[in-house]
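With the hints as your guide, set chain B onto chain A.
Protein chains in written order, with the working numbering: chain A, 1 to 203; chain B, 204 to 454.
Incorrect hints may have been included.
[Unchecked claim] Taking CB as the label site, the calculated pair distances span:
1) A:71 - B:207: 26 to 34 Å
2) A:29 - B:429: 42 to 50 Å
3) B:231 - A:80: 25 to 33 Å
4) B:429 - A:190: 34 to 42 Å
5) B:384 - A:54: 27 to 35 Å
6) A:24 - B:408: 31 to 39 Å
7) A:193 - B:428: 37 to 45 Å
Read the hints as simulated data drawn from the structure, not as lab findings. Note that beta-carbon positions come from the ideal geometry of N, C-alpha and C, so glycine has one too.
Each chain, letter by letter, is given below.
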Amino acid sequence: MNSLDPRVNRLPSVGQPGQAEPKAPLDQFGTFEVFVQPKEGKPFQHEGAVHAPNLEMAFVLAKEAFTRRFQCVSLYVADTRHVFVSPMTEGNITVFDFIHDTPEQPGAKLSYEIFMLSKRGKQHVHVGSVMARTPNEAMSEAKRELQTDKVVYNIWAIRTDDIRFTKPEEQELWMTLPEKKFRDASNYKGGDKLKEFLERSQS
Amino acid sequence: MNDLAIKELLYKMADDQLILGHRNSEWTGFGPLLEEDIAFSSMAQDKVGQSYALYTILHSLGEQEPDTVAFTRNAEQFHNSIFTELPNGEYDFSLIRHFLYDTAEIMRFDMLTESSFQPLAELAVKVRAELRYHTLHANTWVKQLGSATEESVARLQKSLEHALPYALGMFEESPYEKELIETGVFAGEKKLQEKWLVKISAIINETRLQLPDLSTLQPVSGGRIGKHSEHLQPLLNEMSEVFRIDPTAEW
Numbered sequence: 001m002n003s004l005d006p007r008v009n010r011l012p013s014v015g016q017p018g019q020a021e022p023k024a025p026l027d028q029f030g031t032f033e034v035f036v037q038p039k040e041g042k043p044f045q046h047e048g049a050v051h052a053p054n055l056e057m058a059f060v061l062a063k064e065a066f067t068r069r070f071q072c073v074s075l076y077v078a079d080t081r082h083v084f085v086s087p088m089t090e091g092n093i094t095v096f097d098f099i100h101d102t103p104e105q106p107g108a109k110l111s112y113e114i115f116m117l118s119k120r121g122k123q124h125v126h127v128g129s130v131m132a133r134t135p136n137e138a139m140s141e142a143k144r145e146l147q148t149d150k151v152v153y154n155i156w157a158i159r160t161d162d163i164r165f166t167k168p169e170e171q172e173l174w175m176t177l178p179e180k181k182f183r184d185a186s187n188y189k190g191g192d193k194l195k196e197f198l199e200r201s202q203s
Numbered sequence: 204m205n206d207l208a209i210k211e212l213l214y215k216m217a218d219d220q221l222i223l224g225h226r227n228s229e230w231t232g233f234g235p236l237l238e239e240d241i242a243f244s245s246m247a248q249d250k251v252g253q254s255y256a257l258y259t260i261l262h263s264l265g266e267q268e269p270d271t272v273a274f275t276r277n278a279e280q281f282h283n284s285i286f287t288e289l290p291n292g293e294y295d296f297s298l299i300r301h302f303l304y305d306t307a308e309i310m311r312f313d314m315l316t317e318s319s320f321q322p323l324a325e326l327a328v329k330v331r332a333e334l335r336y337h338t339l340h341a342n343t344w345v346k347q348l349g350s351a352t353e354e355s356v357a358r359l360q361k362s363l364e365h366a367l368p369y370a371l372g373m374f375e376e377s378p379y380e381k382e383l384i385e386t387g388v389f390a391g392e393k394k395l396q397e398k399w400l401v402k403i404s405a406i407i408n409e410t411r412l413q414l415p416d417l418s419t420l421q422p423v424s425g426g427r428i429g430k431h432s433e434h435l436q437p438l439l440n441e442m443s444e445v446f447r448i449d450p451t452a453e454w
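Extracted from the complex, chain A is given alone in its bound form (with noise of 0.2 Å):
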């Protein structure tokens, strides 16, 4: 069968005689991580993840999947395999725990951008970036240049150069953002138009 709609190509055929195959892949497009930044002055937060075929593509996508609503300044992806994770706590248990002192190693050190999360549930955000030559040698940097008093549960490092930043003249992306305010659920006022609706038809 062939359609535009990738799930109909992937039914297997029915009733045909065969060798046993490898599974084919997924034609499905790999994942890039958003991070966005509401406000000036505040930091980028993972906002979650867009298919996308490369990151140039990924940032266009980005922009309206995760920035159409509400308020943003900036944004920034990079593809989910340039993630680097540290291991998760939960409790009062702090992720520096495990994090131990990386032996000096030769090379030139490159800029990581460092995101930590301290609430469950919540996102992580970013506080800044180190110079390590490694992923494992940016989370012992972050522990030692970034750590603060706060229990962090887990912690992200993504070399600077794997990320496709907004530009400075694509700032203006989100000028006219706070004046869409039909896109917000609650302009709908959902509420006040089934109760005039009943109202009227009680009538």
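Chain B in isolation, oriented as in the chain A frame:
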């Protein structure tokens, strides 16, 4: 300054945005992937919003309310280019139309930021900001699919060739062209078309697509003077259905 000249300019721009906004909104729920469905629908909504802003300026010049103007005219009273009313067809055509149209639109509004007609110059700054995303979206997709597979390149090429004569109809000149230029309201369709050609050529040159020689093409015009294809009236009938049942309805 002649109000008729400004009104003619505003009507054709507003009608383009409304009709293409409505057409593009027909993809809502049918986009090729969820993220694209959301993006394309959002941009369609932007276009309808931009038409509302333009109809509001027209209202301030003595024309009827935006809803009345949008929902009660017949096809021959619309000034949109025929290009904008064509059915969506497959996604490759919609994407190529989005690319050709939005490139022209961002340049039109960019030129209008310098307009001597102040309300339009102020609006143009905002619309240009929204169109910056629309063109980023269009250019990225065209670059992506214009260089991806044999099928994607062939389909985009076919759509490009089909779309171009209609796209040239966007630049149909106004009877007030000279006056608009002389009074500094708008620098004119010819100038816009020149800028547009430079930009679309630059993007197409980054792909495996071939831009046909535009001088060999016959522009499909007439839309600006109310001569439309058979596709516009059914679109208007559907778009105005709720309004015609209950003009006071809010939704």
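Next item on the list: Could you check the structure against the hints above and give me the numbers of any it violates, in ascending order?
Entry: Failing hints, ascending: 1, 5.
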